[in-house]
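Protein chains: 4
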Amino acid sequence: MTIPKFKQLRRSYGFDEVAIVPGDVTINPDQTNIDFKIENFTFSIPIIASAMDAVTDVNFATLMSKLGGLAVLNLEGIQSRYDNPQEILAKITQASNVDVTSLLQEIYSQPIKENLVGERIQAVKKSGAVCAVSIAPANTKRLAPIVAEAKADIFVVQSTVTSARHISKSYRGLIFPELRKAISLPIIVGNCVSYSACLELMRTGISGVLVGVGPGAACTTREVLGVGVPQITTTIDCAAARDEYFNESGRYVPIITDGGFRKGGDVCKAFAAGADAVMIGSVFAQAKEAPGLGYHWGMSHPHPALPRGTRIKVGTTSPLEQILFGPTSVTDGSQNFVGAIRTALGTCGALTIREMHQAEMVIAPSITTEGKSWQLSQS
Amino acid sequence: MTIPKFKQLRRSYGFDEVAIVPGDVTINPDQTNIDFKIENFTFSIPIIASAMDAVTDVNFATLMSKLGGLAVLNLEGIQSRYDNPQEILAKITQASNVDVTSLLQEIYSQPIKENLVGERIQAVKKSGAVCAVSIAPANTKRLAPIVAEAKADIFVVQSTVTSARHISKSYRGLIFPELRKAISLPIIVGNCVSYSACLELMRTGISGVLVGVGPGAACTTREVLGVGVPQITTTIDCAAARDEYFNESGRYVPIITDGGFRKGGDVCKAFAAGADAVMIGSVFAQAKEAPGLGYHWGMSHPHPALPRGTRIKVGTTSPLEQILFGPTSVTDGSQNFVGAIRTALGTCGALTIREMHQAEMVIAPSITTEGKSWQLSQS
Amino acid sequence: MTIPKFKQLRRSYGFDEVAIVPGDVTINPDQTNIDFKIENFTFSIPIIASAMDAVTDVNFATLMSKLGGLAVLNLEGIQSRYDNPQEILAKITQASNVDVTSLLQEIYSQPIKENLVGERIQAVKKSGAVCAVSIAPANTKRLAPIVAEAKADIFVVQSTVTSARHISKSYRGLIFPELRKAISLPIIVGNCVSYSACLELMRTGISGVLVGVGPGAACTTREVLGVGVPQITTTIDCAAARDEYFNESGRYVPIITDGGFRKGGDVCKAFAAGADAVMIGSVFAQAKEAPGLGYHWGMSHPHPALPRGTRIKVGTTSPLEQILFGPTSVTDGSQNFVGAIRTALGTCGALTIREMHQAEMVIAPSITTEGKSWQLSQS
Amino acid sequence: MTIPKFKQLRRSYGFDEVAIVPGDVTINPDQTNIDFKIENFTFSIPIIASAMDAVTDVNFATLMSKLGGLAVLNLEGIQSRYDNPQEILAKITQASNVDVTSLLQEIYSQPIKENLVGERIQAVKKSGAVCAVSIAPANTKRLAPIVAEAKADIFVVQSTVTSARHISKSYRGLIFPELRKAISLPIIVGNCVSYSACLELMRTGISGVLVGVGPGAACTTREVLGVGVPQITTTIDCAAARDEYFNESGRYVPIITDGGFRKGGDVCKAFAAGADAVMIGSVFAQAKEAPGLGYHWGMSHPHPALPRGTRIKVGTTSPLEQILFGPTSVTDGSQNFVGAIRTALGTCGALTIREMHQAEMVIAPSITTEGKSWQLSQS
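Protein chains in written order, with this note's numbering: chain A, 2 to 380; chain B, 2 to 380; chain C, 2 to 380; chain D, 2 to 380.
Looking at chain A on its own, in the form it has when it is part of the complex:
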């Protein structure tokens, strides 16, 4: 009997399963530089707000830009389907748990209004903010010209899973080099999770890649489809693709780990795993300025036949500025993300995010962290 070929499974890891090892050298947090670049844009903090309706609207995008980061406005959401999004958001937050999915299905079945696409972009631009917008692959050709005309700064093509080659009966697959020529804006594409898919996307000439499928708090892709890779492994693999592509092309295409963050520690781990920036949803939905009014839901949630998401009540905690910069008296890692990033870099002796990519990590399931059971049993 010859030895058969069995399918091999590789172990993958999520935030809760790893920890960062302090370095042999340490530096003071105030010495660190945590800039993040996409082509000619430089952001002073490597944090991007998700293109989700509970997180980013015009006001939130303006504020995020002012604070040194970036927010992505979803052009397939409520903002570009409704003249008065406030009313719709209120309806969603007031719906019962039983009714909310069918309500979302109905709300998101309304057409995208092209005039609203232009208006929202211009509103962000008027404030002086950098304007990033997100469109699904199938709508890209139709909406790209409007986006370019309204002078958005960064174009994000995003769906649950995006590959460089997509086969469809109903529309011709999106060719990224053609898109780039057509609109001449930096293009960020996602989401992807594997080394090879990420490398192939980078080779199309795009400017950034969103990594992560299934980790978000409001996402049930893994339950419904069985699809998804935990974020630490995803980030490590796509970082390897970025480095490989840099070696072959001389062009450094940043990767943005998208989804699943709950605490500063998670964010620090993403950087140690190789991320150039992080995209945050549910934690920002908790900000006082978030349009979700204390609720959050995913963009695959309203799918008409196979919804994949949950509306979760995240509550409203504090202003965005405090979530990002503190100071805080909260000790669970949910505030002062920037302070946490700088302190983690200092602990690892990293002056920059790229030096942080070299930090050592260990597999250390949080379930076994010493002493912690005490806290639980005592509180």
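To be clear, the hints were calculated from the coordinates, so they are not data collected in a lab.
It cannot be assumed that every hint is accurate.
Since the list can't tell identical chains apart, any single copy or any two copies may satisfy a pair.
To be verified - Computed list of lysine-lysine pairs in BS3-like fashion (alpha-carbon distance at most 30 Å, straight line):
| no. | residue 1 | residue 2 |
| --- | --- | --- |
| 1 | Lys182 | Lys289 |
| 2 | Lys170 | Lys6 |
| 3 | Lys170 | Lys67 |
| 4 | Lys38 | Lys6 |
Starting from the known structure of chain A, fit chains B, C and D onto it as the hints suggest.
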């Protein structure tokens, strides 16, 4: 001191421990073909309803066939022991938790009526459905002629563990090549879990293999006997046996992963692991048309001396058609299984189930999935 | 920098982490032979009741022998310290959780009465049962002559951890070959957990080894001392020692896995891992005939300065005969242990316990068993 | 395509994931010697009380010294900021959960009074105790002369993570060889977690290293920063550094595992992993003599912008002497730590702590310990 030989243990994996990695190419779900074949029978969906009394009766088998799948009628159950099964089913569902096992032991101690075997088969056939029936190995010789005479289409020989070689004092072991000659129907045999047992079964000339011991929701084989292999590893091993057998014989014998499915994601993972079809019990017991009236129990449950099972209350959720095809506003993966299969194939760039067998998988314990703890703590 | 030597840790496994793989051949359970031998004694079932005060007294030992197994009478417990043990047992079961440990410390500080040692042995012998008795190493020299005179059949030297070489200020280490010469009875020694300690014990000429440190339900050795090895790994390692010793000496010294069993499945796994017999405590404390009256406690529990144990309420379920042989309507594996052993052997195609040692096992954490979460959420 | 370089993650382990394997030889606990040495100081028990305000004040340090161990007085805490610490401690224990962190931030923002530094040290010295004091790196130069003048015995430089090379804008990094020359006291430095960081610290000429980042019961460093390594792996790695340094220099620099201990078993495991001593916080905060009055909090808790800690209610259990030496009727491992250490050494045949470093350990997740689920379900 020489180095001793210690028993080696191989790590095995279940549904909740793995996830599917999206492909480098993606295709639209409507491009996929998910046909499943057993000899000359082609089914438009690769889903089979279990030979369990809470799932399949004549009506359910008829409906399942109409929807493109297959259901297996258990000839050792209530349907062939009682003229009026409805009455018995009502008794089971009304029994208390304390009394139900002894009630089942009594109910299943009544003799199988040969006339009912014929009647049930003819009722399914009359509706135009494909008729598959299940018999335990020990009763096969006695009942096979009746089944053949009643013109069932597919013959399933099924017990907790079935091997090609069985040693018994009380009856001569079942010889599958002889059985095949005697009844000239496609024979599906199970359950088995290992590469070698599966390969040996295929070499007897049978037409399909059921894989899985111990995973079902209503089964306690693992508690009582310590026996059982998680479904992903079982499926990978038996798929390797199928491929090996195909190489040596040119005959493709499908494997059907049987038991333990709760969500669309589980089903998709079985296909990625190598399944040609899946056999579903407890989820179908939730269908409006299921004979179990919101309850489910296993076929090893009524064993007179060593019962291995639990009656579980699964509830009644929606019509079978909606469980299979949606549309749905449920986001936990318990409805629209066919949509989930097609979408997962699309995500992996697989046009067919056999292409899906090539999808990459990772070990990714769901307990560590990022963000998910939030949902739990918030809901 | 040279590569340093880091301490290596080997992964070990307990009952809940493994499962048995069915064989390529199956046999009917009634074909199996599950005899167990210690020197010239043959038992028709490979099950031994623990030398614990809540489990074995004269009556229980008599019954266990009649049913084909063996029970070990603890000569350091209540039976040999008190003329009227019933009274003491009642006190223990009536004590509050807060007081019970200090009560046990007091009760077990009373001296062992040599006359009672003889009386208890003779009572067992009078019933026609095989009489096995247990003594701690430190008391062995003093009590061995009395035991021999009273004509016990099997001598068990047992403490939490016993090695072939013990260093003490207060007494000369026990030399097993000398002991054997002195009393000329089969000697079983334990407990040990490692290959080398087991092999060394066997080389002293003893007749059986108890394996297992820390797993018992009423034991907190692992919390207090950090010491203990899960039972599957322990059994595999000591089975390798037994096989090695058999190769070098031609003498087959059985190993008895002691402690931690809750269900038939656990027992079956111990045999698949290499056990020749199992020693059971807490499950037998549930028997109607057990002296513990529904409670159970460990023999390290009354230690005067460093107690290691818990009194647990196990309840009283059914007569010992039903726990061992059924029939039962309980489906959680807690009854009909013998039926479970025979069925597991049949499933693996093993005619004897020694053939069962060849069964394949997989690592399959029960926490991930498919479908099982359903049961929990529904019940 | 060349094979890319993916970041590798090493598996690390905490107390709950490992267990000690008994030895081939056993010795009586009263034969063991558990001395611990720092330069010329010899302590009869290898246990140090943490430099935390809920654990060590003048009285506690005096008592600990009398009992054979050592306690470290934190010179950056309440004792050296307030003339009347009692009042402040009462405030902390009376604050609500919501307010406590901001209260701590305020309390710890008051200046360290140099006169109190001297007074506290002299009070400890007057009692005849060995006096160890702790200072953060940034304050070391300022306070070291005062400490030396007051004639403290041992100088501890401690912060969350300390490296031999620290880069700062605001102060020149601490040079340990210079410090040693300046104060000529034994210097213990920490905390560190890796082989290389530990080795580098030892090469600066210091006298002891504290190992452990993030494990403590009152610490949330891992949530906030993602930084931390479980204690068993940390101890193994730093023990390897100690042995390497001993090989290269002939000087034996002890490592002290600091934090995360809850039970005697944890302490025993630290010694088996390579620790020369252990530093204990929360368990000692439970002592009748502890200044925390039944509460405990970490020293990173009051950080003004990024607090990392929790105030936990530990309760008050028994006098320190009983926690250390028993006797006890508590069976969960929380009392008689010294008895547990001696018994574990005996079980492994180790006469000294350094022999205990050779004990074998296995990976054995406590979650899978046999039988233990019973205790939970029954109690």
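**Asked** Hint by hint, which ones does the structure fall short of?
**Response** Result: hints 1, 2 break, sorted rising.
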